[in-house]
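If you're matching them up, the sequences are chains F and E in order.
Plus 210 on top of the position in the first sequence (first one is 1) and you've got my numbering.
Plus 210 on top of the position in the second sequence (first one is 1) and you've got my numbering.
Be aware that one or more of the hints could be misleading.
Identical chains share a label here; the pair holds if one copy fits it or two copies do between them.
PhoX-like mimics (lysine-lysine), calculated; alpha carbons at most 20 angstroms apart, straight line [as the list claims (entries may be wrong)]:
| hint | residue 1 | residue 2 |
| --- | --- | --- |
| 1 | LYS295 | LYS316 |
| 2 | LYS252 | LYS365 |
| 3 | LYS392 | LYS418 |
| 4 | LYS418 | LYS286 |
| 5 | LYS222 | LYS418 |
| 6 | LYS316 | LYS293 |
| 7 | LYS418 | LYS293 |
| 8 | LYS365 | LYS295 |
| 9 | LYS245 | LYS365 |
| 10 | LYS365 | LYS316 |
| 11 | LYS392 | LYS316 |
| 12 | LYS392 | LYS252 |
| 13 | LYS352 | LYS342 |
Simulated from the structure, these hints should not be mistaken for lab results.
Protein chains: 2
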Amino acid sequence: MKDKGISSAVTKRLPRYYRYLSDLKASGVERISSKELSERMKVTASQIRQDFSNFGGFGQQGYGYNVENLCTEIGKILGLDTKRKLVIIGAGHIGQALANYQGFSKRGFILSGIYDADESLVGSHVGEYSVKSVSSLKEDIKNDDIKIAVIAVPKHAAQDVANMVCEYGITGIWNFALVDLKAPESCVVENVHLVESLMNLAYNISVKES
Amino acid sequence: MKDKGISSAVTKRLPRYYRYLSDLKASGVERISSKELSERMKVTASQIRQDFSNFGGFGQQGYGYNVENLCTEIGKILGLDTKRKLVIIGAGHIGQALANYQGFSKRGFILSGIYDADESLVGSHVGEYSVKSVSSLKEDIKNDDIKIAVIAVPKHAAQDVANMVCEYGITGIWNFALVDLKAPESCVVENVHLVESLMNLAYNISVKES
């Protein structure tokens, strides 16, 4: 059972905690104090203690956190203990790059297929996948119990794709199209607006220059 | 001259304003009221008025905003009126996808080249670019007045690349490696941590499911 009362400011920090703890675990560290973790992550030790207390603590006074347990617990909170299947819609450059990325499966995400509306791309190879037609999405989403759709289509097509996959039972959209999508209550949208991130960078550079 | 006193919460919203205004301009809309804009953007009209007042207003009471002017002015604040050259370091899947992306030049970003440390990739084609060796970065950054480096290398190599390009005079890093980079005061870092975004999505799905 998830606690829905935790502020989104806290939950947004969890993936970063998870990343640091995974790296510590991978390098064989068994225990870490909030002070050490705070120095690595450049956040205050009191923020770390406060954040973790939202989820029941995980630590023992004067003894530090057990890295493996903490990593597992935060992974559970993030829902990473549940394997989730995803499809990529749009076999353009971004869709292809995501299909080739090896890091998803480590966090419990399983790429089930990559789809395109352009029939001339259907059957072409992207990494270990063969591009499928969007016309098979409905059946595949239902039969394979797919929950996440990655939208990597041009922005003018993105809302139609979103409507379609929500109707087919998708509950999460990872949106790379440069548009804000409308989605029903049953579906969560997470945006990656690359150009906006680059504009942020440009702004911060120009502030420094002035 | 930029006003450095504006909160980052406001400046972070500017790229999104810029996007909506660009789209309005492209569809031939000349004027828009804060009310109409607020309905499209799903933010309150008073937030819009307050945000814009930080930069001197742009609007006339009862007459709305001139879309083209507003777009130009926000573009200036974002530093988009200055053409900025960038290099991509890392010709893997993400680096290739970014090199093929057509949307940067519209916002004043000019891709100058794509580089890799793997000599077997040097000379291979990525879109209209031919991959260059990182050994020519130093000269190219200086000679071409390049200000932005896109880091799309594996995470274990990212800090070394960051150190190198900062030494060569880069003032902004757009970082796709899944690691937090240390950079000198002279250099701004903007992170795109894709896996963390996907974990956020997983969390929000699992909250809905519970």
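Hint-by-hint comparison with the structure:
no.: 1; hint: LYS295 - LYS316; result: within (13 angstroms within a copy, 35 angstroms between copies)
no.: 2; hint: LYS252 - LYS365; result: between (37 angstroms within a copy, 18 angstroms between copies)
no.: 3; hint: LYS392 - LYS418; result: between (36 angstroms within a copy, 17 angstroms between copies)
no.: 4; hint: LYS418 - LYS286; result: between (41 angstroms within a copy, 15 angstroms between copies)
no.: 5; hint: LYS222 - LYS418; result: between (28 angstroms within a copy, 16 angstroms between copies)
no.: 6; hint: LYS316 - LYS293; result: within (10 angstroms within a copy, 39 angstroms between copies)
no.: 7; hint: LYS418 - LYS293; result: between (44 angstroms within a copy, 16 angstroms between copies)
no.: 8; hint: LYS365 - LYS295; result: neither (24 angstroms within a copy, 25 angstroms between copies)
no.: 9; hint: LYS245 - LYS365; result: neither (45 angstroms within a copy, 24 angstroms between copies)
no.: 10; hint: LYS365 - LYS316; result: between (30 angstroms within a copy, 15 angstroms between copies)
no.: 11; hint: LYS392 - LYS316; result: neither (30 angstroms within a copy, 26 angstroms between copies)
no.: 12; hint: LYS392 - LYS252; result: between (36 angstroms within a copy, 11 angstroms between copies)
no.: 13; hint: LYS352 - LYS342; result: within (16 angstroms within a copy, 45 angstroms between copies)
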